[in-house]
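Build out the structure end to end from the sequences listed, making use of the hints.
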Amino acid sequence: MILGRIKGNIVASAQYPCYDGQRILIVQPIDEKGDDKGDSFLACDAAQAAPGDVVLVEREGNTARQLLGTANDPFHAVIVGIVDKISNK
Amino acid sequence: MQLAKVVGTIVSTQKDNSLKGYKLLMIQPLTDELKPSGVAIAAIDAVQAGVGDLVHWVTAREASLVMENSFAPVDAAITGIVDQVNREIDVIKDKKEIFVSETDEK
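Protein sequences appear in the order of chains A and B. For the first sequence, position 28 matches number 965 in the working numbering, and the numbering has no gaps at all. For the second sequence, position 13 matches number 237 in the working numbering, and the numbering has no gaps at all.
Hints are computed from structural coordinates only; laboratory data are not their basis.
Distance condition first, Cα-Cα at most 20 Å in a straight line; then the derived DMTMM-like pairs of lysine to aspartate or glutamate:
1) K320(B) <-> D968(A)
2) K317(B) <-> D968(A)
3) K320(B) <-> D1021(A)
In structure tokens:
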């Protein structure tokens, strides 16, 4: 699982059928202090996240399929939670 | 999942039987600002995309799940044609209150 910040969303009409009805959000990976780290990517939303939210993201297919679809759907990244607080030593 | 732009097509005659009948495209992965992210790669097309289209694509094991034979040797697949990218940078609240260090708390 990694930390990310939601930067927005994308809209696609012609897509693989399992993606119909899924929200696809832009995720910017961040470090534990909240600074951007690496390039942004896309993830389906299972936590009703909004732009600006700090979220937990899984970039791994098995989790995504268990949360969003059946064993044969090509989901890869999924947002699994919204972060309230991170304490750093 | 990531954004990408379709930059070319690939023709291949000698290939694994499970890849026959599928279109292969060259895609350039992009960030949300539509800047290149890494090098261009070859991807299987599951949505009839064309050169110049902005698409979203998956990698890893999930890519071969778009194929009829889900054990096909594929590691990138185009899964959708993107119509719109909404970046809501201006309205994002800076959530500094989430990131606290222990020295701040004392």
